[in-house]
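Colleague: When we follow UniProt numbering, the leftmost residue of the sequence shown carries the number 1, and every step to the right adds one.
Note that these hints are calculated values from the structure, not bench results. Be aware that one or more of the hints could be misleading.
Computed Cβ-Cβ distance ranges for the label pairs, DEER-style [to be verified]:
| # | residue 1 | residue 2 | range |
| --- | --- | --- | --- |
| 1 | E50 | P127 | 22 to 32 Å |
| 2 | S48 | P129 | 54 to 64 Å |
| 3 | R74 | E50 | 46 to 56 Å |
| 4 | V38 | I4 | 23 to 33 Å |
If you're wondering where the values come from, they're calculated on a predicted model, not measured in any experiment. All C-beta atoms in this analysis are idealised placements derived from N, C-alpha and C, irrespective of residue type, glycine included.
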Amino acid sequence: VEQISQYVTERALPEALSNIKNKTIHWKYIKSIEPPRVAHVRCAEVISKENQFAQITVRFHSQQVLAIYDRFGRLMHGSEILAKDVLEYVVFEKHICNQYGTWRIHEKIIPDWMPAPTPVAKTFVKPTPPPPEEEITQAEAKPDVAVMQTEPSGGTGPQVATA
Numbered sequence: 001v002e003q004i005s006q007y008v009t010e011r012a013l014p015e016a017l018s019n020i021k022n023k024t025i026h027w028k029y030i031k032s033i034e035p036p037r038v039a040h041v042r043c044a045e046v047i048s049k050e051n052q053f054a055q056i057t058v059r060f061h062s063q064q065v066l067a068i069y070d071r072f073g074r075l076m077h078g079s080e081i082l083a084k085d086v087l088e089y090v091v092f093e094k095h096i097c098n099q100y101g102t103w104r105i106h107e108k109i110i111p112d113w114m115p116a117p118t119p120v121a122k123t124f125v126k127p128t129p130p131p132p133e134e135e136i137t138q139a140e141a142k143p144d145v146a147v148m149q150t151e152p153s154g155g156t157g158p159q160v161a162t163a
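Work out the full structure: start from the sequences and follow the hints.
Modeller: What follows is the structure, given as structure tokens:
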């Protein structure tokens, strides 16, 4: 967690951790299709004038390889062979007042006009099955049988009737 927090802000950290939890990620940067381009720059004061943050949005158009495996080693998303063209808008942030501050990833912007990313299939722990029902007693296993006592009319024992 400490290593990744050097590269992402407090806002992006929970999302980054949830995206890599119980997964193995194979990622490779192949090449840049276009040079990175600055799309937007902003500087804002937070609470006081001495506390300033700068944000810069950079457009990246590159070729990348991405394969995501679940905790069992099954491929969930992507391919280690197929390179894809990727268009990304990444917001970087820096605390200007900190002399030794670094630019860190703050957010990844997905514009409305971009196609939605393909959903990643998730794996779950299979719940334990309910305990087996108690064994059916022999009395419950037989059909309903009632023994009735009748007046002796020529017979010498009880007569059996079924319901």
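Colleague: Indicate whether the distance between the beta carbons of S48 and P129 respects the range 54 to 64 Å.
Modeller: holds (59 Å)
Colleague: Starting from the range 23 to 33 Å, see whether the pair V38 and I4 falls in it by beta-carbon distance.
Modeller: holds (25 Å)
Colleague: Go ahead and decide if the range 22 to 32 Å is satisfied by the Cβ distance of E50 to P127.
Modeller: Violated, since E50 and P127 (Cβ atoms, about 54 Å apart) do not stay within the stated range.
Colleague: Taking the beta carbons of R74 and E50, is their distance inside 46 to 56 Å?
Modeller: At 51 Å between Cβs, range holds.
The structure is inconsistent with hint 1 alone, although it conforms to all the rest.
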